[in-house]
Amino acid sequence: MKTITIAAPVRNRDWIIPQYLLKILEINYPKSLIDLHFVVNDSSDRTFELLTEFKKDNKRLYNNIRIDVMNNNIPADCRDFTIRNTYIYKHLSNLKNYIMSKTRTDKLIFIDTDILVKPDVITKLLKHGKKIISGLIYNGYLTNDEKPYLYPNIMNLDDNGQYRHIRNYYIKSASNLLCSRVQRVDLTGAVILLDRSVYKTVKYGFHSQGEDAYFCKMAQDNGFELFCDLFAYSHHIMSPVHLKLYQKGEMN
Numbered sequence: 011m012k013t014i015t016i017a018a019p020v021r022n023r024d025w026i027i028p029q030y031l032l033k034i035l036e037i038n039y040p041k042s043l044i045d046l047h048f049v050v051n052d053s054s055d056r057t058f059e060l061l062t063e064f065k066k067d068n069k070r071l072y073n074n075i076r077i078d079v080m081n082n083n084i085p086a087d088c089r090d091f092t093i094r095n096t097y098i099y100k101h102l103s104n105l106k107n108y109i110m111s112k113t114r115t116d117k118l119i120f121i122d123t124d125i126l127v128k129p130d131v132i133t134k135l136l137k138h139g140k141k142i143i144s145g146l147i148y149n150g151y152l153t154n155d156e157k158p159y160l161y162p163n164i165m166n167l168d169d170n171g172q173y174r175h176i177r178n179y180y181i182k183s184a185s186n187l188l189c190s191r192v193q194r195v196d197l198t199g200a201v202i203l204l205d206r207s208v209y210k211t212v213k214y215g216f217h218s219q220g221e222d223a224y225f226c227k228m229a230q231d232n233g234f235e236l237f238c239d240l241f242a243y244s245h246h247i248m249s250p251v252h253l254k255l256y257q258k259g260e261m262n
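The numbering used here numbers the first residue of the sequence shown as 11 and each following residue consecutively.
Any given hint could be a false lead.
Here are the simulated lysine to aspartate or glutamate pairs, DMTMM-like style, with alpha carbons at most 20 Å apart [to be verified]:
{"#": "1", "residue 1": "134", "residue 2": "116"}
{"#": "2", "residue 1": "137", "residue 2": "205"}
{"#": "3", "residue 1": "140", "residue 2": "78"}
{"#": "4", "residue 1": "141", "residue 2": "45"}
{"#": "5", "residue 1": "12", "residue 2": "36"}
{"#": "6", "residue 1": "33", "residue 2": "260"}
{"#": "7", "residue 1": "210", "residue 2": "52"}
{"#": "8", "residue 1": "65", "residue 2": "55"}
{"#": "9", "residue 1": "65", "residue 2": "45"}
{"#": "10", "residue 1": "140", "residue 2": "235"}
{"#": "11", "residue 1": "112", "residue 2": "45"}
{"#": "12", "residue 1": "137", "residue 2": "235"}
{"#": "13", "residue 1": "213", "residue 2": "196"}
{"#": "14", "residue 1": "128", "residue 2": "36"}
{"#": "15", "residue 1": "141", "residue 2": "196"}
{"#": "16", "residue 1": "100", "residue 2": "78"}
{"#": "17", "residue 1": "258", "residue 2": "156"}
{"#": "18", "residue 1": "141", "residue 2": "231"}
{"#": "19", "residue 1": "227", "residue 2": "205"}
{"#": "20", "residue 1": "128", "residue 2": "45"}
{"#": "21", "residue 1": "254", "residue 2": "155"}
{"#": "22", "residue 1": "100", "residue 2": "87"}
{"#": "23", "residue 1": "65", "residue 2": "78"}
{"#": "24", "residue 1": "141", "residue 2": "130"}
{"#": "25", "residue 1": "65", "residue 2": "24"}
{"#": "26", "residue 1": "254", "residue 2": "122"}
{"#": "27", "residue 1": "134", "residue 2": "45"}
{"#": "28", "residue 1": "227", "residue 2": "196"}
{"#": "29", "residue 1": "33", "residue 2": "59"}
{"#": "30", "residue 1": "12", "residue 2": "196"}
{"#": "31", "residue 1": "134", "residue 2": "122"}
{"#": "32", "residue 1": "254", "residue 2": "156"}
{"#": "33", "residue 1": "69", "residue 2": "59"}
{"#": "34", "residue 1": "100", "residue 2": "52"}
{"#": "35", "residue 1": "141", "residue 2": "116"}
{"#": "36", "residue 1": "134", "residue 2": "36"}
{"#": "37", "residue 1": "182", "residue 2": "156"}
{"#": "38", "residue 1": "182", "residue 2": "196"}
{"#": "39", "residue 1": "140", "residue 2": "205"}
Rather than coming from a laboratory, the hints here were simulated on the basis of the structure. Remember, predicted model here, so these are calculated numbers, not experimental data.
Could you build the full structure based on these sequences and the hints that come with them?
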């Protein structure tokens, strides 16, 4: 079986980190084969303390749990276009590149800390034998709360070289799929499984559509194909309000 690192940069997530870590703990892959690596950056809440408590309680279960702190006084990500292009995308690229430089396992899976995965997320993604494959999330809760599936984390390039969200019946119905459905994509992220051959050769960097766009373009330029298994669906919790809806069972 493959050794795997689950990793994420994390900032000011004490409103969701307990639920996030619970979902990580529930992943049904041998914990002795899993490393956890979190990079706390510019947090002003209890994120670091909560991660430290989790490490203390669960370090005997996992091969390793690593928590780094990297404070660079970067402005908070308030989803402002200028701040994201000036600071956030470069900063996240540096953090993810740092994580990749420290990873030694067969596989690396980035799982953003506002995403609640299902127990079989790793087994679902691993079984396809792809070098790069993601799970599916919806990003549209802040844009169109009734149709969040219109903005998934997967995109393709159009004829003009612009990334466009992929929208089809299977994406809309992802939470109800009964078997794997693999989609070829040009851009993905958020819950993404990378082979060692990828994360040791491909880097993150600045792109106006986010650091994932830079990474995916670089991966394709290096001959790697990108895929998403729509069956590996996870909930993207974009705010404390959405967390309450999730806990009430009112989110897709």
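Hint check results:
1. 134 to 116: holds, 16 Å
2. 137 to 205: With a Cα-Cα distance of about 13 Å, the restraint between residue 137 and residue 205 holds, given a limit of 20 Å.
3. 140 to 78: Distance ~29 Å between residue 140 and residue 78 Cα, so the pair is violated.
4. 141 to 45: holds, 19 Å
5. 12 to 36: Cα-Cα ~18 Å, so holds.
6. 33 to 260: holds, 18 Å
7. 210 to 52: Not satisfied, since the Cα-Cα distance of roughly 26 Å exceeds 20 Å.
8. 65 to 55: Holds. Residue 65 to residue 55 sits at ~18 Å (cutoff 20 Å).
9. 65 to 45: holds, 11 Å
10. 140 to 235: holds, 8 Å
11. 112 to 45: Roughly 11 Å between the alpha carbons, so the hint for residue 112 and residue 45 holds.
12. 137 to 235: Measuring from Cα to Cα gives roughly 16 Å; hence the hint holds.
13. 213 to 196: holds, 16 Å
14. 128 to 36: holds, 8 Å
15. 141 to 196: holds, 14 Å
16. 100 to 78: holds, 18 Å
17. 258 to 156: holds, 16 Å
18. 141 to 231: Given pair residue 141, residue 231 holds - Cα atoms ~14 Å apart, limit 20 Å.
19. 227 to 205: holds, 16 Å
20. 128 to 45: Holds, at roughly 18 Å.
21. 254 to 155: holds, 14 Å
22. 100 to 87: Measuring from Cα to Cα gives roughly 12 Å; hence the hint holds.
23. 65 to 78: holds, 12 Å
24. 141 to 130: holds, 18 Å
25. 65 to 24: Roughly 15 Å separates the two Cα atoms, so the pair holds.
26. 254 to 122: Holds: residue 254 and residue 122 sit about 19 Å apart, inside 20 Å.
27. 134 to 45: With a Cα-Cα distance of about 19 Å, the restraint between residue 134 and residue 45 holds, given a limit of 20 Å.
28. 227 to 196: Measuring from Cα to Cα gives roughly 8 Å; hence the hint holds.
29. 33 to 59: holds, 18 Å
30. 12 to 196: Violated, at about 26 Å.
31. 134 to 122: holds, 18 Å
32. 254 to 156: holds, 16 Å
33. 69 to 59: holds, 15 Å
34. 100 to 52: With a Cα-Cα distance of about 15 Å, the restraint between residue 100 and residue 52 holds, given a limit of 20 Å.
35. 141 to 116: Roughly 11 Å between the alpha carbons, so the hint for residue 141 and residue 116 holds.
36. 134 to 36: holds, 14 Å
37. 182 to 156: holds, 12 Å
38. 182 to 196: holds, 19 Å
39. 140 to 205: The given pair, whose Cα atoms are some 8 Å apart, holds under the 20 Å limit.
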